[in-house]
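Here's the letter readout for the chains.
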Amino acid sequence: MQWASWAAFFNMGGYAFYVWFSFGFTALCLALEVLSLQKRRLKALHLSRLLAQE
Amino acid sequence: MNWFKYSSPQTFYPLAGRMIPWFAGLATLFALAGLYVSFAIAPTDFQQGEAYRIIFVHVPAAWMSMFIYIIMAGWAGLGLALNARLSAMMAQALAPTGAIFTLLALVTGSLWGKPMWGAWWVWDARLTSELILLFLYIGFIALQSSIDDPRRADRAGALLALVGVVNVPIIYFSVKWWNTLHQGSTINMGAAPKMVATMLIGMLLLALAFWMYTIAVSLMRVRCIMLERERNAEWVQLLSGVKK
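Taken in order, these protein sequences are the chains called A and B.
Each residue of the first sequence is one higher than the one before, starting from 1 at the first, in the working numbering.
Each residue of the second sequence is one higher than the one before, starting from 1 at the first, in the working numbering.
Hints are computed from structural coordinates only; laboratory data are not their basis.
No experiment lies behind these values; they were computed from the predicted model shown.
Ideal Cβ positions, reconstructed from N, Cα and C, are used throughout, including at glycine.
Just so you know, not all the hints are guaranteed correct.
Mimicking DSS-like on lysine-lysine, the simulated pairs with C-alpha atoms at most 27 Å apart in a straight line are [as the list claims (entries may be wrong)]:
#, chain 1, residue 1, chain 2, residue 2
1, B, K114, B, K176
2, B, K243, A, K43
3, A, K39, B, K243
Per the computed footprint, the stretches of chain A lying under chain B, defined by three or more beta-carbons under 8 Å from a beta-carbon of chain B, are [to be verified]:
#, region
4, 23-31
5, 40-52
Let the hints inform the model, and build the full structure from the sequences given.
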């Protein structure tokens, strides 16, 4: 383990903003991509269902 | 096994659906292992302190931005040569994920550049060619969505994707060909890595996680594209989520 305490871990040697922004922004973008694909799938299935009912 | 059996949307759709959970699961496992190595095991860098830990997300994202482009252009070229609609759909499914990894490489690079170089952005060869890669992805997506006939959109997109391939070696070799502020390659073929083994392992694990993630989301997206393009086809009408 590299870290003396959790506070030291979160502080990242004074570079907390840069390090956590990098990882947080990456996680956010990937999560949004998955969510938008789930919505797109539901919408496509819904439209196909409407067509099937005609 | 007859691979051609899976080259049509109605046979590939259920196969892709069965593969997604496996790749998503592998992506999660590799990501957890990679994050553990990156933050708990890899030592502090003697020059850059803790800021260097951005490398664990920056380098894998930059690799993916280039790999995905080459694979996308490969599928697009195959679709163009064989007039294969599934290949063109795969190219279309990869483009947004490639664009996201390019954006991530640029943003995390900027967040690393600010504390180390003192600048968020410089017009250096590596950064500029990576920005051009982002524009190529956006151009591919915009061109495809601006043409109504899907088969014509596939052909136009494929031409753009193939011409843009020339940019990938420019990105890769930019740090050798030009005198750049960006540091040299992290890993060189044929030379011992200039970094601690644990740092390398952390990067490789996160790169594997991104690979598995890319396969999972591009399969999710190609399934959406199939549903949207073949809405009137009988196989779509017979899907369990569709039929009454």
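query: Within 27 Å, alpha carbon to alpha carbon, are B/K243 and A/K43?
result: holds, 15 Å
query: Within 27 Å, alpha carbon to alpha carbon, are A/K39 and B/K243?
result: holds, 19 Å
query: For the region 23-31 of chain A, does the count of residues with a C-beta closer than 8 Å to a C-beta of chain B reach 3?
result: holds (count 5)
- prompt: Is B/K114 close enough to B/K176, meaning Cα to Cα at most 27 Å?
  reply: Holds, at roughly 23 Å.
- prompt: Can the region 40-52 of chain A be counted as covered by chain B under the rule of three residues or more with Cβ-Cβ separation shorter than 8 Å?
  reply: It holds: at least three residues are needed, and the region 40-52 of chain A offers 9 whose Cβ sits within less than 8 Å of chain B.
Checked against the numbered hints given earlier, this structure breaks none of them.
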